[in-house]
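**Student:** The chain contents come next:
Protein chains: 2
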Amino acid sequence: MPEIKVLTKILEANETIARENRKIFNKKKISVINLMSGPGAGKTTLLEKTIKELKDKIKIGVIEGDISTSMDAERIKRFNTEVVQINTESIGGECHIDANMIKNVLPQLNLDKIELLIIENVGNLVCPAEFNVGEDKKVMILSVTEGDDKPLKYPLMFHVCQLLLINKIDLLPFCDFDLDNLKKNALRINPQLEIIKISAKTGEGLEQWNNWLINLWKKYK
Amino acid sequence: MPEIKVLTKILEANETIARENRKIFNKKKISVINLMSGPGAGKTTLLEKTIKELKDKIKIGVIEGDISTSMDAERIKRFNTEVVQINTESIGGECHIDANMIKNVLPQLNLDKIELLIIENVGNLVCPAEFNVGEDKKVMILSVTEGDDKPLKYPLMFHVCQLLLINKIDLLPFCDFDLDNLKKNALRINPQLEIIKISAKTGEGLEQWNNWLINLWKKYK
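For the protein sequence lines, the chains are A and B, in the order given.
Residue numbers for the first sequence follow this note's numbering, so the first one is 1 and each next one is one higher.
Residue numbers for the second sequence follow this note's numbering, so the first one is 1 and each next one is one higher.
These are computed hints drawn from the structure, not numbers from a lab.
A few of these clues could be false.
Note that the list lumps identical chains together, so a pair holds whenever it fits in one copy or between two copies.
Said to hold, decoys possible - Pairs of lysine-lysine residues, derived as DSBU-like cross-links and limited to a Cα-Cα distance of at most 30 Å, are as follows:
#, residue 1, residue 2
1, Lys-77, Lys-183
2, Lys-184, Lys-77
3, Lys-183, Lys-201
4, Lys-49, Lys-184
5, Lys-49, Lys-28
6, Lys-184, Lys-9
7, Lys-183, Lys-137
Working from the sequences, and respecting the hints, build out all of it.
**Tutor:** Structure representation (structure tokens):
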């Protein structure tokens, strides 16, 4: 099928640029997270809490990906964090961040002021999983309101990530969400997947997530 | 940019096939809904409730779109409904349903037994909005757990839909979701957008939604 051939070419070109990004990150000793989820799973809220907690210990930078608006970047800027916004609307309404978009915005960040770079991807459980951007780790958020069947329905996302954050656990009493079933389904797809339960709202589980980030950051220390 | 050119060509080809589908639906007097949302907003649960309520009045058929699994089609089959599953995994992991996929599965449905065809799209607020499939109406679901900023972040989806279902309103007391702000943002993008608040779980608002469907179905009666 021609569409698949086009996709293969796009992904090959993406890999080449991802490797170039990786070289830059290695040289600058920056640990990089590609943070992915469906719409409204709580990426930006988690980022705010994370920056607030870790900013005196780790120099954090953020690349915000969105189709439209710079609302998320504005939210992050309040913490005096190095941040840049990618709007995919101007480049065809892309539903994901790719390596070239990252390459293009890196000059807008002062990389000497960043030890940990968090890339907040477009809210989408499908295509972002296909595009490496030169990151160290891929992290996904699933909120309990989305249902425990999601690993089966979006297998690639669960397959490519190293860490799954199960967010909004404060809403567990009000949702038909079977945590054991979710874990079983996720680990069947990716037996190496780490799982941390959190509530970005109440703060539950965030210490474990922060420690996970600190361990990653220590790689270059 | 070459990627945008490719996209334009794909969308043009899609329009041609969507028009062919439309001709078939007109000929068979079938009203068609393209139902879209992010992952886990409650499309299938709503469909189950809708079929249960309307199946003695309207002959309903369903096309289930998913990347992987036939879990949703199995859920719908329990109601003895005409249903067919599209798995986009086998066609490049597409993050949306396009007109050609619909065209290809129509022969698997007994169209003489269908008056209202509901197409459940892949859970994604981005790309499904770009692909017409020959439908009468585009309907989107946003759950209150996803946040009231979504119209600004996914404007095309709100722009192309005729009806917005705000789902999971039973969770409103536990979410930071400003209903007025959501409506204001959604109507700014699409002043013609109809809005119905529902809880597929508790049944609140479903009568209004069912009546909306009945009105659409009456077109051919």
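**Student:** Work down the list of hints and note, for each, if the structure agrees.
**Tutor:** Here's how the hints hold up against the structure:
no.	hint	in the structure
1	Lys-77 to Lys-183	between (35 Å within a copy, 27 Å between copies)
2	Lys-184 to Lys-77	between (38 Å within a copy, 25 Å between copies)
3	Lys-183 to Lys-201	both (22 Å within a copy, 24 Å between copies)
4	Lys-49 to Lys-184	both (29 Å within a copy, 28 Å between copies)
5	Lys-49 to Lys-28	within (25 Å within a copy, 55 Å between copies)
6	Lys-184 to Lys-9	neither (35 Å within a copy, 42 Å between copies)
7	Lys-183 to Lys-137	within (20 Å within a copy, 37 Å between copies)
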